[in-house]
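A.B. asks: If you're matching them up, the sequences are chains A and B in order.
So in numbering that gives the first Met the number 0, spot 286 of the first sequence is number 285, and the numbers just go up one at a time.
So in numbering that gives the first Met the number 0, spot 85 of the second sequence is number 84, and the numbers just go up one at a time.
Quick caveat, the hints were computed from the structure, so don't treat them as lab data.
Glycine included, each C-beta is placed from N, C-alpha and C at the ideal position.
It is possible that part of the hints are untrue.
[Unchecked claim] 25 Å max Cα-Cα, derived SDA-like pairs, lysine to any residue:
1. Lys18(B) - Asp131(A)
2. Lys208(A) - Lys421(B)
3. Lys74(A) - Trp4(B)
4. Lys111(A) - Trp4(B)
5. Lys2(B) - Asp71(A)
6. Lys89(A) - Trp431(B)
7. Lys9(A) - Gly429(B)
8. Lys110(A) - Trp4(B)
9. Lys113(A) - Tyr53(A)
10. Lys219(B) - Ser104(A)
[What the hints assert, rightly or not] With the C-beta cut set under 8 Å, the calculated list includes, among others, these residues of chain B facing chain A:
11. Ile3
12. Leu5
13. Arg9
14. Gln49
15. Asn208
16. Ala211
17. Lys421
18. Val423
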Amino acid sequence: MAILELQNLKKYYATQKAVDDISFSIPEGCIFGLLGPNGAGKTTLLRMITGIFYPDSGNILFEGKKFDPVDDIPKIGYMPEERGLYKKMKIGEQALYLAQLKGMSRSDAMKKIKEWFVKFEMESWWNKKVNDLSKGMGQKLQFVITVLHQPKLLILDEPFSGLDPVNSNLIKDEIFKLAKNGTTIIFSTHRMEQVEEICNNIVLVNKGKKILDGSVSQVKNDFKENIFKVGFEMLPEQFIANSFDLAGSTENSYSVKIKDGHKPAGVLTELLSHNASIVSFNEVLPSLNDIFIKQVGQLNNGNK
Amino acid sequence: MNKIWLVIKREYLTRVRNKTFILSTILLPLFFIGFIFASAYFSATSMEKQKVAVSDNNGIFKNSFQSSSLITYEYPSDVNADNFKEKGYSAFLKIPDNYTSSSDSISLISTKQLGLDAEDKIKDQINTAIRNQAFLRNNIDKKILDSINNIDEDRMYNFRTIVKQGNKSEKSNAALSYGIGYGSGFLIYITLFIYGAAVMRGVMEEKMNRIAEVIISSVKPFQLMAGKILGIAAVGLTQLLIWIILIVLLTSISGSFFSAETLQHAQTLNSSMGAAGNSSAAANFLNARDTFLSANWSLIIPCFLFYFVGGYLFYASLFAAVGSVVNEDPQEAQSLMLPITMPIILSFVIMATAVGKPDAPISVWGSIIPFSSPIVMMARIPSGNVPVWQILISMLSLVAGFILTTMLAAKIYRTGILLYGKKVTFKEMGKWLFRKA
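Go ahead and model the full structure; you've got the sequences and the hints to work with.
C.D. replies: Below is the structure:
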């Protein structure tokens, strides 16, 4: 079942179409990547999902019902890209205040804050002010504040920017844990390697329009270019092949692109018939990064 | 509603716990009272005794100068403008031989300034003496003259205006109502700026820190804005109440503080200086305190609180709207604030007229139109003759006014608070006003 379904969402500003007829749905419990270059309309989209903006037209269904900010907001946790905390407020009080704004009772909030502070080794921070924290520490705090009220839908906008690898992993692990416990996570970023590592499903937007969506593996399959990597004990002698083109080579491997109408097995047979000492044969799927750059680049060129 | 309450609580607590707030709240009245006391005290005690040598060759003023405990007059024959200092006089009063000819003037020579008070006293004495001589020259009987001069100062001085309205008459004191009117109008003027700017800075802080987006994903923008405005209103009221309590407390203590020694000093000064007395600041202060308490506080204080809160609410949302559209550049705030500060400053100008002429058309209109009513009405109310219907209309239009400004400002605020990196023009803000959600 889809926890969130967007139907023909539109949001126009005076000068640009920030979100122009976007529809997709997010299955419950998945980690969902919202990808797009800067200015693609990701933030506007997220702001509509979090009830900050109203769409000009279109519907948002949350858990199958029309999204109602008053009822549904406590079920959503949103960490915006630009971190925001009161610089001069004590950290403990700040966490408590923001949790209460999400509708938690004081005692529940206290209990949860203590749990998370222990988990992230932040107990000693209670009376500190945000001003006293490093950027990474602030980031951790922001994450804790976002998940305190146990949202069903967690929206993270560039959650790893500014974090060192250790803290990155800490938060990544928590994201996986939350997902395992049934939290749906929307993950907005333009860092593709993270998406490939973390997300199950993605949607790619550019200039307010949806370019593609689907599961990560399916998207990669859709965009595969029939390139295989063949490993050799020793490179075979050059010959003119019928079934493939040579796309690249290293000292002990070829990248080959299979010609239309041919099958991988045909490539193997042809190579073997030339006495090639094959040790490996793998399909090379395009990375999301490649797809991203290609798709966005194509569109941008098309518009010029 | 619960969320607005949380926001109010945070705004209130973070501000009230702030050291600057605590210091300014406690120190300001102390400073204020201390200043009055100090000036009263110094003026009462710092008057030195002066000995004036009078050179009056023709004996015109012989025996006309009356020595008091502060200024003594002597008529030595061997003192002149060059040696009065050595002879132990602080000043030398030279009466020209033919002073009526007006080409020569009476001159007072001293090595240092005697002080305005002492100079005034001496001038007074000279004038009285001249006047007396003129009377005598014109055959006014000496006895009659003395009896006129001896009329009790108090009886001459006691001047009260009674304002009659229907069958109810009230004692009024023009200077007092002027003072209270001016003071409370000024206080509202200042607090509008102080707390209005606090709202604006608060909004700017939230926008710059980017916490606005975090919070607005939990509460509606209107709730955040309203919570901030109400929270700061509560801070303002707290501060005001503490000030009122402290001032009342210190003023009532002041009586006992003064009566100990300074007061006595002040009183002896009064009696000893006779007709010319009654001007010591300490005594003035006591008089002022009594007159002060005679004002119609049961009307003034509730009205003041109403206009304080009403005026604040009217303008605070506008300040919030300005804060929400400002980007990193504080200079921008200056120019954007202009449309808000202009009417406030204009109100202040109208107020200056209204305290003097509470019934002039500009005062009446100024006190009814909500842009200026908080400041102007407070200038009129102490005069005691503002019709009840005018106060009611003014209050109602202020309430309607702040509901309107809040609604309009909320529309700008909602868009502005999340808009970064773009300079917003008034035209754009105008568009936001007429856009639906």
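A.B. asks: Hint by hint, note whether the structure agrees.
C.D. replies: Now for the hints, and whether the structure bears them out:
1. Lys18(B) - Asp131(A): holds, 19 Å
2. Lys208(A) - Lys421(B): This hinted pair holds, its Cα atoms lying about 24 Å apart.
3. Lys74(A) - Trp4(B): Roughly 21 Å between the alpha carbons, so the hint for lysine 74(A) and tryptophan 4(B) holds.
4. Lys111(A) - Trp4(B): holds, 22 Å
5. Lys2(B) - Asp71(A): Roughly 15 Å between the alpha carbons, so the hint for lysine 2(B) and aspartate 71(A) holds.
6. Lys89(A) - Trp431(B): violated, 35 Å
7. Lys9(A) - Gly429(B): Holds - the C-alpha atoms of glycine 429(B) and lysine 9(A) are around 23 Å apart, at most 25 Å.
8. Lys110(A) - Trp4(B): Holds, at about 22 Å.
9. Lys113(A) - Tyr53(A): violated, 35 Å
10. Lys219(B) - Ser104(A): holds, 19 Å
11. Ile3: Interface hint status for isoleucine 3(B): violated (10 Å vs cutoff 8 Å).
12. Leu5: Holds, because the Cβ-Cβ distance from leucine 5(B) to chain A comes to roughly 5 Å (cut-off 8 Å).
13. Arg9: holds, 5 Å
14. Gln49: violated, 59 Å
15. Asn208: holds, 5 Å
16. Ala211: holds, 7 Å
17. Lys421: violated, 10 Å
18. Val423: violated, 12 Å
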